[in-house]
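Here my numbering is used: position 5 in the sequence shown is 5, and no number is missing along the way.
Treat the hints as calculated values from the structure; they're not laboratory data.
One should not assume that every hint holds.
Unchecked claim - The calculated DSSO-like cross-link candidates involving lysine-lysine, where the alpha carbons are at most 30 Å apart (straight line), are:
(1) K234 <-> K128
(2) K171 <-> K234
(3) K128 <-> K415
(4) K482 <-> K353
(5) K482 <-> K198
(6) K431 <-> K415
(7) K128 <-> K171
(8) K480 <-> K354
(9) K198 <-> K146
(10) K415 <-> K480
(11) K128 <-> K170
(12) K198 <-> K354
(13) K448 <-> K470
(14) K354 <-> K340
(15) K353 <-> K340
(16) K455 <-> K198
(17) K470 <-> K482
(18) K448 <-> K480
(19) K198 <-> K128
(20) K234 <-> K455
(21) K480 <-> K146
(22) K146 <-> K482
(23) K470 <-> K480
(24) K448 <-> K234
(25) K480 <-> K453
(26) K198 <-> K170
(27) K470 <-> K146
(28) K353 <-> K198
(29) K146 <-> K128
(30) K340 <-> K455
(31) K431 <-> K234
(32) K198 <-> K415
(33) K354 <-> K470
(34) K453 <-> K415
(35) K128 <-> K340
(36) K470 <-> K455
(37) K482 <-> K455
(38) K353 <-> K470
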Amino acid sequence: MAASAAAPAPPHPHALILPYPAQGHVIPFLELAHRFLDRGFHVTFVNTEFTHGRVMNAADADAGATSWTGPSSAAAGGGARLRLVAVADGIEDAGDHENLVLLNAAMPEAIPPQLEPLLDGTGEGLGKVTCVVVDVAMSFALDVVKRRGITSVALWPASAAVLSAMVNAKKLIRDGVIDDDGAPLNLVNNSFHLTGSKTPMDATFLAWNYMGNRDAERLVFHYLATIARTAATKADYLLCNTFADIEPAIFTDSTSTIIPIGPLRTWQRPTRHAPIGHFWHTDDVACMSFLDAQPIGSVVYVAFGSISIMTAEQVQELALGLQASGRPFLWVVRPEQAGKLPVGFMDDVDEPKKGKVVGWAPQEQVLGHSSVGCFVTHCGWNSTLEGIRNGLPMLCWPYFLDQVTNQTYICDIWKVGLRVAPAEGGVLVTKSRIMELLDGLMEDEGVKERVLKLKETAESNMSEEGASLKNLNILMESFKSKTF
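Input sequences plus hints: build the corresponding full structure.
Pasting the structure below:
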């Protein structure tokens, strides 16, 4: 008697993940991709061609290999189950692919048609997609997903406070809190209330009002309100890279539909050189060997993210302040900023091995090193969460937008850091002021105690019984159940 044919294997759950093409978005989204891989998913990770090239080049340089090349690649850390795909962003090859205004205008037309074959599993790939995670800033892609009846998630990789204000923009206008262009109207003690909420929210949570240019602020407001409204109405779930304990004003509000799944970027991957989304090569050896030689808790780590707009005069004051502080420091200075350093500075500080300047750093490894004692930061959300995750006091030096919001959290609400400059900006922070701030922060035992408590809470949320990880696992199991 002939044996009966074996039943076909059930399809694997397959997630397509689409981040906005910016450093602070790609990194947490790629970490989320690894979380999906951990739960048995196949993952297609979609970057724009320009961003894909940057991520692959940085990963190749860090790994000392050239295995991740071309527009579509299987990546280490996920094997054949993680596919890194590039799509055109709609800007001509010779155009400015870092101009966010051009990108935001071009991508909604250019990208959705390129997603269709990926979603349908036609051609080379991992098969038909069963769930989709898009960046809130890429919510234009949700229409093509909904037409196929695929479960969709929109993820905001910054604070829930800012996301909530964006989603509720129309209500804020109706209630007279802001005008039709987002400018504040009726603030009480520099705060406002969301409709139905009893908890006051600081004016800095209206993050679009912190660009220093009213015309730009108006454009950003309408852009943010539009993408948030689209995400909230068209995605099946609205997620945020945060945890409820640090944003109680949002998560004690019974009307909030935001689900916290953070902090992401808190796990060490078993494959050292799995791509983690850096746009530039990280100088791991130089950073870690310098840190290894320093006393515990002594090092000042200085990093202002992927966009730095500090004047030459301010760079020089910061350099002299760090040098005169007598504290060892590790400072990330992008190549375009290096020419602003004082003449001979790098040689002067490197001679006694008291300072190190690098072009880019493996920040999560640096912040987790026992020799680091404080973090001088631009207050990007990823950096803010990483500072908390590693229990480090923070010296806040924001430039714009939600960085100002995050400074309010760090200095006024959580009380785990100090402001470098007044909120209105435009003030030169002198060498002596920098020294004074570093001394005050690193000698403040109250700040250290509070940030260590936040660290414990962050770790608890992403433990197996933690609230954020439970939220994420429940969602992924729900996606799996819809696959079969």
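ask   = Quick check: which numbered hints come out false for this structure?
value = 3, 4, 5, 7, 8, 9, 10, 11, 12, 18, 19, 20, 24, 25, 28, 30, 31, 33, 35, 37, 38
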